[in-house]
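Novice: Here the protein sequences come in this chain order: G and L.
Under the numbering used here, read the first sequence as residues 1 to 567, first letter to last.
Under the numbering used here, read the second sequence as residues 1 to 134, first letter to last.
Keep in mind that a hint or two might mislead.
What the hints assert, rightly or not - Calculated cross-link-like contacts (lysine-lysine; reagent style DSS-like; alpha-carbon spacing at most 30 Å):
| hint | chain 1 | residue 1 | chain 2 | residue 2 |
| --- | --- | --- | --- | --- |
| 1 | L | 77 | G | 490 |
| 2 | G | 468 | L | 110 |
| 3 | G | 386 | L | 102 |
| 4 | G | 463 | L | 80 |
Claimed, not checked - Away from chain G, derived, C-beta distances all over 10 Å, residues of chain L:
| hint | residue |
| --- | --- |
| 5 | 32 |
| 6 | 34 |
| 7 | 84 |
| 8 | 109 |
| 9 | 123 |
Stated by the list, open to error - Some chain G residues close to chain L (C-beta under 8 Å, calculated; not the full set):
| hint | residue |
| --- | --- |
| 10 | 346 |
| 11 | 350 |
| 12 | 379 |
| 13 | 380 |
| 14 | 381 |
| 15 | 462 |
| 16 | 467 |
| 17 | 475 |
| 18 | 534 |
| 19 | 566 |
If you are wondering where the hints come from, they were derived from the structure by calculation, not from laboratory data.
Glycine included, each C-beta is placed from N, C-alpha and C at the ideal position.
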Amino acid sequence: MNEEIKKDSCRQDFYAFFESKKETLLEDLEERIKRLSQKNSKFPGSIIPPEKPYYTPEDIKNLDYEKDLGKPGKPPFTRGVYETMYRGKLWTMRMFSGFGTAKETNERFKFLLEHGQTGLSIAFDMPTLMGYDSDHPRARGEVGKEGVAVCTLSNMETLFKDIPLDKVSTSMTINPTAFILLAFYVAVAEKQGVPLYKLRGTIQNDILKEYIAQKEFIFPPEPSIKIIIDTVEFCSKYIPKWHPISISGYHIREAGATAVQELAFTLMDGFTYVKYAIERGLNVDDFAPQLSFFFNSHMNFFEEIAKFRAARRIWARWMKEKFGAKKEESMRLKFHTQTAGCSLTAQQPENNIIRTTIEALAAILGGTQSLHTNSMDEAYALPTEKAAKIALRTQQIIAYETDIPDVIDPLAGSYFIEYLTNKMEEEAEKIFKKIEEMGGMVEAIKKGWPQREISRSAYEFQKAVEEKRYIVVGVNEFVEDEETKIEILKIPPEIEEEQIREVKEFKQNRDNIVVKNRLEELRRAAERNENLMPYTIEAVKAHVTLGEIIEELKKVYGTWQEPPNLY
Amino acid sequence: MKEKIRVLIAKVGLDGHDRGAKVVASALRDAGFEVVYSGLHQTPEAVVRTAIQEDVDVIGISILSGAHMTVFPEVLKLMKEKGLDNVLLTGGGIIPEDDAQKLYEMGVGKLFGPGTPLKEIIEYIKEEVKKRKK
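The following block holds chain G by itself, in its conformation from the complex:
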């Protein structure tokens, strides 16, 4: 107490009173803080304890700096996979796009390349994703709708016309048919005279999350994983700069999973691929550096940041301790992030810009390598150009106008963030244990377990919104009567007709005897359990189509029906 106050008798009285009642006053204060911090909107499925108003050194007393955090760029990589992070190079602002025909998409690509973009990202339509040619009856109404249709080598040649494949990196969002798209890409490269070791890019090729969440599957789990390991083996030998799998939590989260479920299921999927690849006889350090991840960034800001940090630490620990990785590169979890599509609202759509900004911030503070920010109109349809531009500008504003990228892992050491990172890891380990008790991820999927867990979380999320335990602005609170009219992008129906005509022509102008032979060779290779990549490449070069390859392999592998999993 300073002299000034001592002179003031009134204040002296107050301090005397305060000293005598200190204990109870402070207790009341604690109570008041607790009460005040209990707002009536809690993010469903959050692991943050709702009763705790603040965190202290007590909450992280077991944290070992060297062992649990370490320097950025050093194991366990909690603080980031690179030493320099965004000081060396900003995250890649990778915006996913693609619709209509191969020709239109090619023009769009050339436009982007002329404007300095070097990474291409392709969205395919549903028939391409599911293994149907555009002229198949089951493709009706879906050709060119959610992405570009590519079922023939000719489509792929059109897509990359005048684009030298040694000068670009190409990311393809494709799963059960990924091996065929990779074969098309290899065939186009050969025609261009580009050696395979110069090819750079990614195929998503993550079938486990398809069974769990996005539900684009064709064959049962075992043969599907076999084909994926074929691509991993092929790439590690011939296309070393290619990322053969992008292990994805994004879709798991979009299907309704909580943050911790997203984290645990995704990492477990990753471990499963590593296990199968090692069983194939591959050396972990030969393929692991090429694995990459893809996460969601949702509205529970701090929980998301903790999720990203925990993901890096868990991956590094498991790769080293359980899979015997020697190279640091094999332990680095590099990831792409997309902001949560499921957090966008159709109501008052401009508010989605703010949501996306908060989610983008979490991804950047969490140390993402690349980022897609959603457009405000995506609760309605594919984004319009204006909406997509605002989404990109959001990233640029964070990158250039603020100090956010300047310091690496700036939240490290926060009692709360470190507590939450630890808790994320603990909760994820509990889920790993459950899956292992079931006999691994493939067995768990066959039992429908992760599927049901996600359905339950999705339903609980919706109930929390209905019962106003979680407030979504414009949806269940602060609702406005006025309907907002926004411009919507639509795909003209002629695109489907044009593509179907092209595919039919393609099938008429080829040597059908060679086609038949190539298909038979592929089927026999599948029966002998050989690596299918060389046979698939030969088949597409002989103008066998995507749908024909899938139909032929169904004869060997059959198809997958999901177990009932309504929660």
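Given the coordinates of chain G, work out where chain L should sit on it, guided by the hints.
Specialist: Below, chain L without anything else, positioned relative to chain G:
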């Protein structure tokens, strides 16, 4: 007359995004309806066949792939052919308003977009089924 309202919830086409379909199915079940969930990747023919077998009052289709202008008219046509005149065809997903309006004019019921309260769907179905049973 059957006591409980019977609803078929179906995913038609190649799109596998089933979060909405499953949440709605669970909510209808909890609201006391008899719910049949078709599972994924159904054809319009299979949906109408199941609707007949299960003797449902309502078919609810979830589509997020943009194929709604192909799928709904096809299901509606098959329903008419099979004489399912009293069955309500409704659904939801990412469906622009003017498309929903066109489908409504063809005879499809209300289509629900993202953010719709489950109560609204439940009430709508109850009311429509009541009208049709008169």
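Novice: Next step is simple, just say for each hint if it's right about the structure.
Specialist: These are the hints, each one checked on the structure:
1. L:77 / G:490: Distance ~24 Å between residue 77 (chain L) and residue 490 (chain G) Cα, so the pair holds.
2. G:468 / L:110: holds (25 Å)
3. G:386 / L:102: This hinted pair holds, its Cα atoms lying about 27 Å apart.
4. G:463 / L:80: Since the Cα atoms of residue 463 (chain G) and residue 80 (chain L) sit roughly 36 Å apart, the hinted pair is violated (cutoff 30 Å).
5. 32: Holds: least Cβ distance 16 Å, greater than 10 Å.
6. 34: holds (13 Å)
7. 84: Holds, since 21 Å exceeds 10 Å.
8. 109: holds (19 Å)
9. 123: holds (13 Å)
10. 346: It holds, given that the least Cβ distance between residue 346 (chain G) and chain L is near 5 Å, below 8 Å.
11. 350: violated (15 Å)
12. 379: Holds: closest Cβ of chain L sits about 5 Å from residue 379 (chain G), inside 8 Å.
13. 380: Holds. Min distance 6 Å.
14. 381: Constraint on residue 381 (chain G) satisfied, holds at 6 Å.
15. 462: Holds. Min distance 5 Å.
16. 467: violated (10 Å)
17. 475: holds (5 Å)
18. 534: violated (29 Å)
19. 566: holds (5 Å)
Hint check: violations occur at hints 4, 11, 16 and 18; the rest are consistent with the structure.
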